[in-house]
Amino acid sequence: MVSDDLEIILTGIGKVNAAFACGRMFPMGLTRNDLKADIVINIGTCGARDLSGLFIVNKITDEATGRDFYPDIIRVSGVPEASLVTVDEVKTDPDPGVLYEMEASAIYQALSKLISPDRMIFLKVVSDSGDVNGITTEYVNDLIKSHLPEIKRIISSVREGTGKEASISNDDLYERLYASTSMRVHIDELIRYASSLGIDGRKLFAEAGIDEVSSRASGKEVITRVRGILTHLH
Amino acid sequence: MCAAFSHIYIEERARSYEETSRILSHFSDSTKISIRHYKDVFNRPSQDSALQNESKSLILAVNDGRKIFDAAPVCQDFGMGKFYYAESAMNCVFSCDYCFLKGMYGTSNVVIFVNIEDYFEECEKYLKDGPLYLCASFDTDLGALSGISSWQSKWEDFASSHPDLTLELRTKSAICEVKSADNIIYAFTLSPDEVIRRYEKKTPSLDVRIRTVNNALNSGANVRLCFDPLIYIKDYELCYNRFADKIINDIDLKSVRDISVGTFRISSDYLHNLRRACPGSSAVLFPFDREEGYCVYPKDLREKMMGIIVNRLENAGCGNKLYVNP
Ligand code: SF4
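Sequence order for the protein chains is A and B.
Residue numbers for the first sequence follow my numbering, beginning at 1 and rising by one.
Residue numbers for the second sequence follow my numbering, beginning at 235 and rising by one.
Derived by calculation from the structure, the hints in this document are not laboratory data.
All figures in this text were calculated on a predicted structure; none of them were measured in a lab.
One or more hints might be untrue.
As a list, the in silico DSS-like pairs of lysine-lysine whose alpha-carbon atoms are at most 27 Å apart [as the list claims (entries may be wrong)]:
id : chain 1 : residue 1 : chain 2 : residue 2
1  : A       : Lys-113   : B       : Lys-538
2  : A       : Lys-220   : B       : Lys-533
3  : B       : Lys-273   : A       : Lys-36
4  : B       : Lys-538   : A       : Lys-220
5  : B       : Lys-435   : A       : Lys-36
Working from the sequences, and respecting the hints, build out all of it.
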């Protein structure tokens with residue numbers, strides 16, 4: 001954790017390491033709903049024949065399987081886009097106009113059932129044109145550092161456009177209305193509908209006689225009254 | 235209308251089609267991405283259709299699967315017994331909160347299939363068995379795409395040379411050109427401005443739609459008016475009565491071919507997706523009744539809403555033109 005809402009994970013090189021890192025980041029049992037406010041940004045270097053600088057990836061091809069994956073570029077603007085091929089071994093003769101690296105397809109596949117394609121952002125800095133001899137950790141560090149202002153700008157713009165949804169609990173209403181599971185669904189639905197109309201749904205429940213409820217049957221009557229009010233507004 | 239698409243995904247096999255070049259010529263600034271199959275983009279899991287709605291992408295593809303389908307029983311058949319629809323595009327450049335497409339597809343991106351000739355071929359096969367009633371603007375609004383795609387006019391030309399085909403082109407757009415032909419029906423969906431402003435995003439105002447209807451009538455086209463779906467809003471009685479006044483005053487209803495009226499209804503299977511796509515919209519958050527697999531307004535409310543429009547139209551002498559959806 002580098003801050004209370006930002007975690008950095010080093011994947012290491014290659015698809016196996018990348019998939020393993022994703023597993024560490026989001027352990028088994030988490031659902032799409034648990035992660036709906038999370039964004040994953042994969043930052044790394046790549047090879048390319050005739051390109052230089054920082055790119056956001058709009059298409060990932062896994063060379064080994066031939067499968068294609070498409071992150072949605074909606075949250076980031078003003079960064080040049082490119083397509084990318086994930087390879088198992090260093091590509092010494094890259095095709096022009098394409099980025100080559102070794103992790104992105106594994107990350108996309110590992111996360112695509114949990115994270116929406118707009119929340120997977122792949123940022124790649126071109127480090128070489130296929131000849132990786134002489135590329136040192138220091139060189140890579142300096143290269144990424146030289147793009148840090150852009151990367152930071154992207155992270156802050158992405159952060160601004162997201163945020164955990166405030167969820168209001170209706171637990172007290174459930175309790176006071178002796179609500180069964182299906183009654184809870186109705187209560188949530190009515191509260192959400194009222195809120196979309198700018199009406200305080202909890203107040204409606206108070207006005208509909210929640211204080212007099214002494215059984216599940218009278219709880220149901222209150223729900224029916226609130227529903228009646230909301231569906232016949234004049 | 236010419237929509238803006240930030241990204242255009244193009245199937246490799248779609249590149250050689252004339253329609254692809256025509257469409258791409260409108261979008262020199264969009265990012266173009268080659269794809270193998272449209273489903274790789276359109277059917278991705280867990281897409282955020284609400285966010286995509288803010289910045290739609292376009293997919294140009296070749297449909298090598300089925301192209302013409304039977305419509306669901308809940309669709310009005312206008313006394314034709316059975317009706318079919320052609321899926322020459324999927325999704326819409328407009329963005330009505332209540333649109334069933336948002337419930338049906340997990341994405342807001344728009345697909346245009348560029349191999350229209352294959353659709354005509356399939357149509358001709360159906361026509362061998364007798365007359366065909368076909369809606370060509372069902373999983374999209376073809377009129378709204380007419381600024382970039384030639385499909386609406388291609389369908390019109392095809393219908394002109396196939397009298398056994400009755401073609402319905404449904405739209406909320408301000409289409410400029412219509413064809414006067416017995417077997418082409420332009421179906422215009424009209425709503426009160428209060429509903430348009432709140433729930434029918436990016437669509438033309440009621441005044442513009444009425445002007446479009448009148449232009450079509452003046453050109454001698456077959457016009458169908460659709461007051462469907464009627465959407466419940468606060469003060470709906472006042473709002474729909476004012477709306478009826480305007481329609482009766484501004485449109486020569488005697489010249490209209492027929493009129494359909496129906497309240498909002500949607501398959502229960504689609505409501506969850508629809509609510510995800512429009513998280514704050516009261517049009518879809520309404521606590522609907524469930525009846526035979528569909529989410530509908532409570533019966534008394536349905537009847538009141540329908541009653542307003544039906545009574546006003548009957549009083550205006552249009553009773554014999556009305557098709558009422560239950
Ligand atoms: S115009 Fe029709 S197809 Fe388009 S979004 Fe609205 S309801 Fe859907």
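Checked hints:
For the given pair, Lys-113 of chain A sits about 44 Å from Lys-538 of chain B by alpha-carbon distance, which is inconsistent with the 27 Å threshold. For the hint linking Lys-220 of chain A to Lys-533 of chain B, the alpha-carbon distance of about 20 Å falls within 27 Å, and the restraint holds. Using a Cα cut-off of 27 Å, the hinted pair Lys-273 of chain B and Lys-36 of chain A holds, with the two alpha carbons roughly 23 Å apart. With a C-alpha separation of about 25 Å, the suggested pair Lys-538 of chain B and Lys-220 of chain A falls inside the 27 Å cut-off, and the hint holds.
Restraint check for Lys-435 of chain B and Lys-36 of chain A: the C-alpha separation of about 25 Å stays at or below 27 Å, so the hint holds.
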